[in-house]
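Student: If you want the building blocks of each chain, they are given just below.
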Amino acid sequence: MKRFRDVAILVAVTGCLVFYFNHAPIHAASLAAVPRAQAVQPQGSATVDSAGDSPGAKSYAANCAICHGDQREGNLPTFPPLIGIEHHLNDQQISDIVHKGQGLMPGNTDLKGDELAALLRYLASPAESASKPAVETASTAHSSDSSEAGGVLFKQNCAFCHGRDTMGGESGPDLTQSKIVLADVNGDKISAVVREGRPAKKMPAFNFSAPELESLAAFIHAQVDLAKANKGGRRGVDVSDLQTGNVDEGKKYFEGAGTCAKCHSASGDLAGIAKRYEGLKLEERMLYPWGVKSKVTVTLPSGKQSAGTLEYLDEFTVGMRDSDGNYHSWLVSSVKYKVESPVDAHVGLFSKYTDADIHNLMAYLQTLR
Amino acid sequence: MELRKDALRFALGAVLFLCAGPTLLTAQNLDPADLLKPRADSWPLYHGDYSGRRHSSLRQITPQNVGNLSLAWVFQTEQNADIKSSPLLVDGVLFFTVPDNIWAVDARSGHMLWHYNRPVKGEHIGHRGVAMYKGWLYFTTPDCHLISLNAKDGTVRWDKVYADQSQGYWSTMAPLVVGNHVIAGVGGDLDNLPGFLRSFDPETGETQWQWFATPPGGTPNGTTGGTTWMTGTYDPELNLLYWGTGNPTPVLNGSSRPGDDEYTCSIVALNPDTGKLVWGFVVSPHDTHDWDAVETPVLVDADFHGKPRKMLMQASRNGYFFILDRATGKSLLTVPYGPVNWSLGIDKQGRPIPNPDKEPKPDGRLIAPDEGGLTNYRAPSFDPRTGLFIVDAEFSYSLYFSKPADGTYGWAGGDYDLWSKGVIEAIDYQTGKIRWSHEVGPDGSGAGILTTDSGLTISGDAFGNVLALDTSNGKTLWHAGTGVGMQSSPITYLLDGRQYVITSSGGVLFAWALPHSSAAAAPSVAHKK
Numbered sequence: 000m001k002r003f004r005d006v007a008i009l010v011a012v013t014g015c016l017v018f019y020f021n022h023a024p025i026h027a028a029s030l031a032a033v034p035r036a037q038a039v040q041p042q043g044s045a046t047v048d049s050a051g052d053s054p055g056a057k058s059y060a061a062n063c064a065i066c067h068g069d070q071r072e073g074n075l076p077t078f079p080p081l082i083g084i085e086h087h088l089n090d091q092q093i094s095d096i097v098h099k100g101q102g103l104m105p106g107n108t109d110l111k112g113d114e115l116a117a118l119l120r121y122l123a124s125p126a127e128s129a130s131k132p133a134v135e136t137a138s139t140a141h142s143s144d145s146s147e148a149g150g151v152l153f154k155q156n157c158a159f160c161h162g163r164d165t166m167g168g169e170s171g172p173d174l175t176q177s178k179i180v181l182a183d184v185n186g187d188k189i190s191a192v193v194r195e196g197r198p199a200k201k202m203p204a205f206n207f208s209a210p211e212l213e214s215l216a217a218f219i220h221a222q223v224d225l226a227k228a229n230k231g232g233r234r235g236v237d238v239s240d241l242q243t244g245n246v247d248e249g250k251k252y253f254e255g256a257g258t259c260a261k262c263h264s265a266s267g268d269l270a271g272i273a274k275r276y277e278g279l280k281l282e283e284r285m286l287y288p289w290g291v292k293s294k295v296t297v298t299l300p301s302g303k304q305s306a307g308t309l310e311y312l313d314e315f316t317v318g319m320r321d322s323d324g325n326y327h328s329w330l331v332s333s334v335k336y337k338v339e340s341p342v343d344a345h346v347g348l349f350s351k352y353t354d355a356d357i358h359n360l361m362a363y364l365q366t367l368r
Numbered sequence: 000m001e002l003r004k005d006a007l008r009f010a011l012g013a014v015l016f017l018c019a020g021p022t023l024l025t026a027q028n029l030d031p032a033d034l035l036k037p038r039a040d041s042w043p044l045y046h047g048d049y050s051g052r053r054h055s056s057l058r059q060i061t062p063q064n065v066g067n068l069s070l071a072w073v074f075q076t077e078q079n080a081d082i083k084s085s086p087l088l089v090d091g092v093l094f095f096t097v098p099d100n101i102w103a104v105d106a107r108s109g110h111m112l113w114h115y116n117r118p119v120k121g122e123h124i125g126h127r128g129v130a131m132y133k134g135w136l137y138f139t140t141p142d143c144h145l146i147s148l149n150a151k152d153g154t155v156r157w158d159k160v161y162a163d164q165s166q167g168y169w170s171t172m173a174p175l176v177v178g179n180h181v182i183a184g185v186g187g188d189l190d191n192l193p194g195f196l197r198s199f200d201p202e203t204g205e206t207q208w209q210w211f212a213t214p215p216g217g218t219p220n221g222t223t224g225g226t227t228w229m230t231g232t233y234d235p236e237l238n239l240l241y242w243g244t245g246n247p248t249p250v251l252n253g254s255s256r257p258g259d260d261e262y263t264c265s266i267v268a269l270n271p272d273t274g275k276l277v278w279g280f281v282v283s284p285h286d287t288h289d290w291d292a293v294e295t296p297v298l299v300d301a302d303f304h305g306k307p308r309k310m311l312m313q314a315s316r317n318g319y320f321f322i323l324d325r326a327t328g329k330s331l332l333t334v335p336y337g338p339v340n341w342s343l344g345i346d347k348q349g350r351p352i353p354n355p356d357k358e359p360k361p362d363g364r365l366i367a368p369d370e371g372g373l374t375n376y377r378a379p380s381f382d383p384r385t386g387l388f389i390v391d392a393e394f395s396y397s398l399y400f401s402k403p404a405d406g407t408y409g410w411a412g413g414d415y416d417l418w419s420k421g422v423i424e425a426i427d428y429q430t431g432k433i434r435w436s437h438e439v440g441p442d443g444s445g446a447g448i449l450t451t452d453s454g455l456t457i458s459g460d461a462f463g464n465v466l467a468l469d470t471s472n473g474k475t476l477w478h479a480g481t482g483v484g485m486q487s488s489p490i491t492y493l494l495d496g497r498q499y500v501i502t503s504s505g506g507v508l509f510a511w512a513l514p515h516s517s518a519a520a521a522p523s524v525a526h527k528k
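Residue numbers (numbering that gives the first Met the number 0), protein chains in the order written: chain S, 0 to 368; chain D, 0 to 528.
Keep in mind the hints are simulated off the structure, nothing from the lab. Be aware that one or more of the hints could be misleading.
[Stated by the list, open to error] Some chain S residues well away from chain D (every beta-carbon gap over 10 Å; in silico):
hint, residue
1, Asp90
2, Glu254
3, Ile272
[To be verified] Below, computed lysine to aspartate or glutamate pairings styled on EDC-like, alpha-carbon distance capped at 20 Å:
hint, chain 1, residue 1, chain 2, residue 2
4, D, Lys275, D, Glu261
5, D, Lys420, S, Asp313
6, S, Lys230, D, Asp142
7, S, Lys351, S, Glu248
8, D, Lys402, S, Asp240
9, D, Lys420, S, Glu339
The beta-carbon is built from N, C-alpha and C at its ideal position, and this holds for glycine as well.
Taking the hints into account, I'd like the entire structure generated from these sequences.
Tutor: See the structure below:
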């Protein structure tokens, strides 16, 4: 929850509409036909391009870092890491995503020519930190070193869908309960799936070396052991669990008793909401959207008024950011202030909903694609 | 002449007394009899005394002078864990903990005397503090050891394992000393394990008795759970030990444990000499929301509806405020003290009736309060002057899920907090009505409550402000920002004629007092807003 809250705040702060990456299926064959981005770049220039002041790094910092992280580390579960992206996307595919967007990641057609080339070189460069796994031998499968290296690879490439701990995410299943994983011996089954992908289930193919695959398998097996040791842990919620509502009833509630339509519109702010969120995340945001900022108007003793975004409010101090981004604060005892917080209407509904209302509303929102 | 002789005798006596005084005061020795009537210069039990009221008779810091309250000293633990413990104060030394760590600190200066550290694996969710008997401390660990240490220097005298960490037990609690019993409990609800209390011989660590809240795992139709992770209270007159027990397991799926699931989510009265159950009251029959009833069972002797009563009061995690007759365990009052939507009403025995449709379901149920409950381990306080039971509440809503595929082991489902806010509430115990409430910010504060005879309520808000409120109306009289919220319950004591209030924020311990000059003469000061 906290993790999601942090992400939600980030979204609100940046005003950036970036949501689920909906990976297009990439067939092993198509990937094999294109040389790996890393192979195109000689090691020497990659090192230069990874430097913080290279044009590629600057372009990354300006266009991508706000969501994908300063070091390309991503911010799971919402924003995928881009380190090692060359394992499953080639330059052309990355360029397409940059231009057209993906999922509802906004497209950016301004990025082209030299800047785009520099950005691609930067994305193909190794991470600055020592997070790049050094897997030298194939004989270390299941050893803790190998598992650790596999963990780094997993976080960069797989965690976005399967969760950081392999125990499932919003779009990928819990690998600790996967039949393939449980039948796997030293990566024999896992490797095939990773190399070839599962196009029917939208899992892309990944281009890993044999030692890398073995380290991934070692990590996944270590997580299976961990899951067995923690068999009483908390369970997840699948999208399919949340399909018990009635669309028409939900629409009626939205427009009527729920008073949702007072602030929201199915063709306005909520258009396509079900493409941006799904499952439990959609339901949680429907019931209470974390991190939405309030507006505040402060009246000074002189009668002068200041308005902006509420940044802080306790019994003693009120803090506000104005339209220029400047922060101001006052003692509550020395000013008058008025907070506008439309999100509070969500709180007012908690005591009014029936569970059926929630399920119906959820059914209706899921039609807004 | 006679007079002069008397004066001389008096002076000699005073000198002898003063000489003897320091020797006694530095002994780090707690007579178990002192636990029955704690001295003003001590805080010898987790709750300060056996009643759990967390109400101090001290009157030096008042609503009139609290505006002058200032920092006496600060102690830095220099590590990341939040202090969630209540310090003990014995003979001028404070003893407090975080998981794996004990500190002994001079209560006058805040300087460290010794630090004990025993890093182990296991659940490090928090630690509530130590217990003391004579010159010995008792400390529980994440791997369920009870360790006896010398209070003078922190050296270990004995170390007993009392539960199996590998099965899923852990311990965070401050043991309770009653007579020659050291009583310790356990945590652990991610596995289907019975909760228990065990009594140890304070000198040898030998087990005296063990009481199980529930039958062993695998008992047909039986429940497990009923952990005992918070310190109980004790009535010396009735010779009864009062303890709250935790939630049943499996946690969110009750199908394998039909019925009330005694004695989980319960308040129980035990004989401290034998561990035998005298009575039990199920606060949440058939709980499926993780609402441990381990919150302080506060013992109050007062009139209830015109009749003198020996009462037990609990503001429980499930959202209800309970008053029981503590001799019999019979209900006197049951009333919600915030948003609660999971019950169908109150039964004849004064217990909430769980609504079967509000048990966790595959498609989710909206539940108030959330898993953390309407209150939690943070201590409430009973103020006898006003008859107010003051509790740090957290109003909240959440979604609870459980489906057959989640099984019947451990958590057996998932729950997700949606929204919450903190509210300090003053409950009139005669009626259960809220006399005043004071909002303390989004997501709640986590701070416990202390009240004093002078009419002050000490607590904190969600932003990291320590607050002194007027107990009669809840208005803020003083505050100080400490940077992060208080995760413990304040204590107070009098040393050298100066009253100290101890609070913690993050890993830092704060001692507040009136300036030396005004500790004796208390000037009246305009209230800060």
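Student: So, for every hint listed, does it hold in this structure?
Tutor: How the hints compare with the structure:
No Cβ of chain D approaches the Cβ of Asp90(S) within 10 Å, the least distance being about 40 Å, so the stated non-interface status holds. Consistency note on Glu254(S): stated as away from chain D, and its beta-carbon is indeed over 10 Å from all of that chain's, at 21 Å minimum. Every C-beta of chain D lies more than 10 Å from that of Ile272(S), the closest at about 17 Å, which supports listing it as non-interface. With a C-alpha separation of about 15 Å, the suggested pair Lys275(D) and Glu261(D) falls inside the 20 Å cut-off, and the hint holds.
Among the hinted pairs, Lys420(D) with Asp313(S) is consistent with the structure: their alpha-carbon atoms are about 13 Å apart, no more than 20 Å. Annotation: proposed proximity of Lys230(S) to Asp142(D) holds, straight-line Cα distance about 19 Å (limit 20 Å). A C-alpha spacing of about 16 Å is found between Lys351(S) and Glu248(S), which places the hinted pair at or below 20 Å, so the restraint holds. Proximity of Lys402(D) to Asp240(S) is assessed by CA-CA distance (about 9 Å); at most 20 Å being required, the pair is judged to hold.
For the suggested pair Lys420(D) and Glu339(S), the alpha carbons sit about 18 Å apart, so the restraint of at most 20 Å is met.
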